[in-house]
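Number of protein chains: 2
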Amino acid sequence: MRTYDITLTISPDLPTWPGDPGVELERVEKIEDGSNANVSRVDMGVHTGTHVDAPFHFLQDGITVDKLNLSLLTGRAYVLHLPDVEVITAAVLEEAQIPPRTRRVLFKTRNSDLWVKEEPGFQTDFVGISEDGAEYLVRRGVKLVGVDYLSVAPFKNSRPTHEKLLEAGVVIVEGLDLSEVSQGRYTIYCLPLKLANSDGAPARVILIGV
Amino acid sequence: MRTYDITLTISPDLPTWPGDPGVELERVEKIEDGSNANVSRVDMGVHTGTHVDAPFHFLQDGITVDKLNLSLLTGRAYVLHLPDVEVITAAVLEEAQIPPRTRRVLFKTRNSDLWVKEEPGFQTDFVGISEDGAEYLVRRGVKLVGVDYLSVAPFKNSRPTHEKLLEAGVVIVEGLDLSEVSQGRYTIYCLPLKLANSDGAPARVILIGV
Numbered sequence: 051m052r053t054y055d056i057t058l059t060i061s062p063d064l065p066t067w068p069g070d071p072g073v074e075l076e077r078v079e080k081i082e083d084g085s086n087a088n089v090s091r092v093d094m095g096v097h098t099g100t101h102v103d104a105p106f107h108f109l110q111d112g113i114t115v116d117k118l119n120l121s122l123l124t125g126r127a128y129v130l131h132l133p134d135v136e137v138i139t140a141a142v143l144e145e146a147q148i149p150p151r152t153r154r155v156l157f158k159t160r161n162s163d164l165w166v167k168e169e170p171g172f173q174t175d176f177v178g179i180s181e182d183g184a185e186y187l188v189r190r191g192v193k194l195v196g197v198d199y200l201s202v203a204p205f206k207n208s209r210p211t212h213e214k215l216l217e218a219g220v221v222i223v224e225g226l227d228l229s230e231v232s233q234g235r236y237t238i239y240c241l242p243l244k245l246a247n248s249d250g251a252p253a254r255v256i257l258i259g260v
Numbered sequence: 051m052r053t054y055d056i057t058l059t060i061s062p063d064l065p066t067w068p069g070d071p072g073v074e075l076e077r078v079e080k081i082e083d084g085s086n087a088n089v090s091r092v093d094m095g096v097h098t099g100t101h102v103d104a105p106f107h108f109l110q111d112g113i114t115v116d117k118l119n120l121s122l123l124t125g126r127a128y129v130l131h132l133p134d135v136e137v138i139t140a141a142v143l144e145e146a147q148i149p150p151r152t153r154r155v156l157f158k159t160r161n162s163d164l165w166v167k168e169e170p171g172f173q174t175d176f177v178g179i180s181e182d183g184a185e186y187l188v189r190r191g192v193k194l195v196g197v198d199y200l201s202v203a204p205f206k207n208s209r210p211t212h213e214k215l216l217e218a219g220v221v222i223v224e225g226l227d228l229s230e231v232s233q234g235r236y237t238i239y240c241l242p243l244k245l246a247n248s249d250g251a252p253a254r255v256i257l258i259g260v
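Chains A and B supply the protein sequences, listed in that same order.
Quick note: to get the working numbering, add 50 to the position in the first sequence (first position is 1).
Quick note: to get the working numbering, add 50 to the position in the second sequence (first position is 1).
Treat the hints as calculated values from the structure; they're not laboratory data.
Be aware that a few hints might be false.
[Unchecked claim] Okay, derived cross-link-like pairs now, PhoX-like style, lysine-lysine, Cα gap no bigger than 25 Å in a straight line:
no., chain 1, residue 1, chain 2, residue 2
1, A, K117, B, K80
2, A, K117, A, K167
3, A, K206, B, K193
4, B, K117, A, K80
5, A, K193, A, K117
6, B, K167, B, K206
7, B, K193, B, K117
8, B, K167, A, K117
9, A, K167, B, K117
10, B, K206, A, K80
[Stated by the list, open to error] A short list of chain B residues far from chain A (calculated; beta carbon distances all over 10 Å):
no., residue
11, V142
12, F176
13, E181
14, D182
15, R190
16, G219
Yeah, the Cβ is synthetic: ideal placement off N, Cα and C, and Gly gets one too.
Next comes chain A alone, as it looks inside the complex:
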């Protein structure tokens, strides 16, 4: 069974959401300078790179990332490849024929091409899920939604899609690199850092072929 690492590497070069904190990663103790060990420090927004949104990201009474149920974050998942779609709407999803009883869906779109390019910088015209697309996923009983750019929603229209998903207890995983993964069934292990009372957390996410 092949294991796919669908996580972005965190570095200061990674594009970040406009207005969010950037990434600082520096070695503060160096063996070459006489320290006993090399020790680095990282300073970043919690929605950096591959990360999970907790309900508290958009909902004031929502739970925080350290409280998310591991049973949602791990288990069977379906990767849906939508190479020619600009917005993931309810109509797109109906036509796509997601297998029955799918609880976790990752969307592979043209966004994933961005992660194999050299420093493309932050993009605003990425593919996201519309409000009615989010409603469709909730109606279908989906409990985890993964996307291959830094927001599950189209740019400049973040709230409706996030709200619909988070109010229904759907875990949102953003910033996945699905460039090496084909459409089909996998087992996902999506493990976000356990940050106390946080609205989100960077995660390491892997898929295992089934």
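Based on these hints, arrange chain B on the given structure of chain A.
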């Protein structure tokens, strides 16, 4: 199959290694102040809480955490309970009768009691693995070693144990909370953040009963 979260929650209250950066976790955008979403920032040493040491932590030519092989970080693991041991030596390990062909071992010691106490602060008298204990594990073909305090080695004697393990390509996982886990066999998913060129990374670590 029960899933055990053996990860410490990252917060400013978590004890950190003397001299290492502390933990800052703050909400920099707040819905109650008119922001579109809640957004937090985290600033911490990469050896905070439950974390992985890469060879580069102690070896100048060692690989960094983003290059660690996922096949070492996931798979069958054995939890060994050593409730009355002060130092994990080769003699202790020989007597403990670790099952043949064990590739990943997690040591549950009295250290795990510290994680269920209220703010005990950093402790110096934690249980660690001696240099000959590390040599024994390498000889046995172990490829991942997990401990329930912030260093795999006894305090004030970090280098020999780390060096022996890291030179042999053994992944070191520190800061595990094994208070809820019994001795026995599990499947481990140890997923560190993919931090570019870093000597270590905080991780989320789970065990699944087999």
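Hint check results:
no.: 1; hint: A:K117 / B:K80; in the structure: 19 Å, holds
no.: 2; hint: A:K117 / A:K167; in the structure: 35 Å, violated
no.: 3; hint: A:K206 / B:K193; in the structure: 47 Å, violated
no.: 4; hint: B:K117 / A:K80; in the structure: 19 Å, holds
no.: 5; hint: A:K193 / A:K117; in the structure: 15 Å, holds
no.: 6; hint: B:K167 / B:K206; in the structure: 24 Å, holds
no.: 7; hint: B:K193 / B:K117; in the structure: 15 Å, holds
no.: 8; hint: B:K167 / A:K117; in the structure: 20 Å, holds
no.: 9; hint: A:K167 / B:K117; in the structure: 20 Å, holds
no.: 10; hint: B:K206 / A:K80; in the structure: 18 Å, holds
no.: 11; hint: V142; in the structure: 25 Å, holds
no.: 12; hint: F176; in the structure: 17 Å, holds
no.: 13; hint: E181; in the structure: 15 Å, holds
no.: 14; hint: D182; in the structure: 21 Å, holds
no.: 15; hint: R190; in the structure: 25 Å, holds
no.: 16; hint: G219; in the structure: 17 Å, holds
Of the numbered hints stated above, those contradicted by the structure are hints 2 and 3, listed in ascending order.
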